[in-house]
Amino acid sequence: MSWARRFLVHGVAWRQFLHWAVINVPIWLEPIVMAWWSAAFLLWGPGRRGVMQNLSAIKPRSWAVANFFRVYRVFWNFAWTITDNIRHREQGMVPDWEFDGIEHFDELQSRDGGAIILTAHMGSYDLGAELFAEYSAKRIVMVRAPETDPETREYEASAHAADRVQISFNTAASDRALELLASIQSGDVIAIQGDRVTPGIATVDATIFGKPARVPAGPFALAMASRAPIYPLFVIRIGRRKYRLLTLAPIAVTRTSRDRDADIRRAAEQWIADLESTVRATWYQWFAFEPFYEERAA
Amino acid sequence: MRIVRDREDARWLPSRFRYALFRLAALIRMTFTRPRERRGIIVAIDPDQSSIENYAIAIWVVVTTSCFLAAVMPFAIAILAATVVVQIPMHVVGGGQRVNSLVTLSLAAIAAAYLAMSPSWIRFAAWQFLGIVILNGVAALIMLPLRGAVRRMEARCGL
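Chains as they are written, first to last, in my numbering: chain A, 1 to 298; chain B, 1 to 159.
Simulated from the structure, these hints should not be mistaken for laboratory data. Keep in mind that the hints are not guaranteed to be accurate.
[Said to hold, decoys possible] Some chain A residues near chain B, calculated using beta-carbon distances under 7 Å:
id	residue
1	Asn24
2	Pro26
3	Ile27
4	Pro31
5	Val94
6	Trp97
7	Glu98
8	Gly239
9	Arg240
10	Arg241
[Stated by the list, open to error] Pulled from the structure, derived: some chain B residues nowhere near chain A, Cβ distances all over 12 Å:
id	residue
11	Ala71
12	Ile77
13	Ala113
14	Ser118
15	Trp121
16	Trp127
17	Arg151
18	Ala155
[Stated by the list, open to error] Calculated Cβ distances over 12 Å to all of chain B for the following chain A residues:
id	residue
19	Pro46
20	Ser56
21	Thr254
22	Thr256
23	Arg280
24	Pro291
Glycine is no exception: its CB is placed at the ideal position from the N, C-alpha and C atoms.
With the sequences and hints as input, model every part of the structure.
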């Protein structure tokens with residue numbers, strides 16, 4: 001039944017409802033509405049279990065019951081950030097911003113050539129990209145996984161049509177690689193999420209929070225080919241309509257030996273160290289609803 | 001959207017608040033706040049920007065509605081019911097943020113006016129609701145001649 005698909009988690013109905021809510025919910029009533037919807041999404045079993053499994057790795061000595069309440073906090077933050085995204089797009093709302101690591105952000109903006117921003121599913125990366133587009137002369141291209149539901153994909157495409165940020169969907173290992181390389185060489189900034197792998201893309205084996213995991217190899221290969229630095233950048237929600245843009249020291253991916261994979265692995269390890277330290281401090285807004293590692297039988 | 005860069009004290013500009021009571025409180029706070037520069041911050045000037053104001057109103061409306069509902073049910077259940085009841089008008093009216101806000105607060109004021117005559121303790125909740133509405137009206141009157149001061153504060157922040 002195609003109409004029923006609309007109400008699945010990745011269906012379009014929730015996005016349409018959120019759009020309605022942004023227009024109709026009195027601003028002061030938002031916290032109440034958010035509290036209810038965050039609780040309602042606790043019924044989403046796979047998402048809840050995914051976050052709980054990730055939390056058990058981030059906080060190894062935590063209790064399952066404590067993690068259950070932490071999941072609520074993750075959903076609460078997620079509800080606010082997706083609402084802020086829509087409110088920005090529909091009503092021009094701009095949140096307050098704090099820049100952490102502004103020297104790296106300035107360097108990223110003012111450098112002559114292109115660069116790669118490596119980010120995670122944290123806070124509002126859409127708002128972060130919009131902020132960058134607003135205050136930088138550089139063009140930003142966001143690489144993201146396409147929506148699985150066709151109706152949702154169409155809805156999102158039309159919603160983003162007027163954005164100043166160009167969006168490129170990565171679907172397979174070699175797709176878009178040349179296009180992105182040309183983009184960097186012409187001085188663009190490519191923003192990629194480096195904390196989740198989608199089927200069909202090249203990966204690097206890694207250890208995240210002591211668990212065997214995989215991260216996308218694409219950003220590192222792209223940095224090596226283009227000789228552009230990778231800037232780890234995180235958009236962290238620190239309160240209602242308040243975000244922090246954390247920019248860390250750039251990672252240079254250089255060819256030091258004949259072993260290209262070893263050089264990529266070294267850069268990936270640097271990225272993972274940045275990712276771990278950021279997620280450990282702000283676990284409540286790592287929106288990884290699928291486990292980042294597979295639970296292996298003892 | 002107007003923004004102020006690198007000025008921490010701009011957070012207290014009255015223009016970042018919607019209701020007169022909060023705008024007046026912000027004006028007083030801003031009067032006694034020294035200009036504070038801090039590199040790497042962007043402060044948006046929007047009347048709906050304040051967290052304190054919006055959370056305070058949400059809590060105030062829910063607690064007051066809970067008191068009203070406590071007339072017909074236990075208080076613990078009334079708190080939960082109030083969080084649902086305050087959402088009903090926007091679904092019925094659906095007229096956009098401003099209209100829905102006005103309708104919800106007007107309904108609360110009508111309920112307060114009715115329950116103010118009640119012989120039970122609920123009349124105190126009703127009176128405090130009406131009292132705050134009246135105070136907000138007084139604050140609005142005070143703010144009228146202070147518009148020039150607000151504009152000067154904005155100019156001080158580069159707006």
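Comparing the hints with the structure gives:
1. The interface hint given for Asn24/A holds, since its Cβ lies 5 Å from the closest Cβ of chain B, which is under the 7 Å cut-off.
2. For Pro26/A, the interface hint holds, the least distance from its beta-carbon to any beta-carbon of chain B being 3 Å, beneath 7 Å.
3. Restraint check, Ile27/A versus chain B: the minimum CB separation of about 4 Å is within 7 Å; hint holds.
4. Nearest Cβ of chain B to the Cβ of Pro31/A: about 5 Å, under the 7 Å cut. The hint holds.
5. Look at Val94/A: its Cβ gets to within about 4 Å of chain B, closer than 7 Å, so that hint holds up.
6. At about 4 Å, the closest approach between the beta carbon of Trp97/A and any beta carbon in chain B falls short of 7 Å, and the interface hint on this residue holds.
7. Using the Cβ-Cβ criterion of 7 Å, the hint placing Glu98/A at the interface with chain B is satisfied: the shortest such distance is roughly 5 Å.
8. With a cut of 7 Å, the hint placing Gly239/A at the interface with chain B holds, because the nearest CB-to-CB distance is about 6 Å.
9. Taken as an interface hint, Arg240/A checks out: its beta carbon lies about 4 Å from the nearest beta carbon of chain B, inside 7 Å.
10. Proximity of Arg241/A to chain B holds as hinted, the smallest CB-CB distance being about 6 Å (cut-off 7 Å).
11. Look at Ala71/B: its CB is around 21 Å from the nearest CB on chain A, clear of 12 Å, so calling it non-interface holds up.
12. The Cβ of Ile77/B lies farther than 12 Å from every Cβ of chain A, with a closest approach of about 16 Å, so its non-interface assignment holds.
13. Against the 12 Å criterion, Ala113/B stays outside the reach of chain A, whose nearest CB is about 21 Å from its own CB.
14. Non-interface call for Ser118/B relative to chain A: holds, since the shortest CB-CB distance, roughly 25 Å, exceeds 12 Å.
15. For Trp121/B, the condition that its CB be more than 12 Å from all CB atoms of chain A holds, with the nearest at approximately 24 Å.
16. Here Trp127/B stays apart from chain A, with its beta-carbon at least about 21 Å from theirs, past the 12 Å limit.
17. With a closest Cβ-Cβ approach of about 21 Å to chain A, Arg151/B is found to remain outside the 12 Å limit, as its non-interface label requires.
18. Once the 12 Å rule is applied to beta carbons, Ala155/B is consistent with being away from chain A; the minimum gap is 20 Å.
19. With a closest Cβ-Cβ approach of about 27 Å to chain B, Pro46/A is found to remain outside the 12 Å limit, as its non-interface label requires.
20. The Cβ of Ser56/A lies farther than 12 Å from every Cβ of chain B, with a closest approach of about 31 Å, so its non-interface assignment holds.
21. The beta carbon of Thr254/A sits about 30 Å from the closest Cβ of chain B, which is more than 12 Å, so the claim that it is off the interface holds.
22. Listed as outside the interface, Thr256/A is consistent with that label: its C-beta sits roughly 34 Å from the nearest C-beta of chain B, beyond the 12 Å cut-off.
23. At roughly 23 Å from the closest C-beta of chain B, the C-beta of Arg280/A stays outside 12 Å, upholding its exclusion from the interface.
24. Listed as a non-interface residue, Pro291/A keeps its Cβ farther than 12 Å from every Cβ of chain B; the least gap is roughly 32 Å.
This entry satisfies every hint, going by the numbered hints stated previously.
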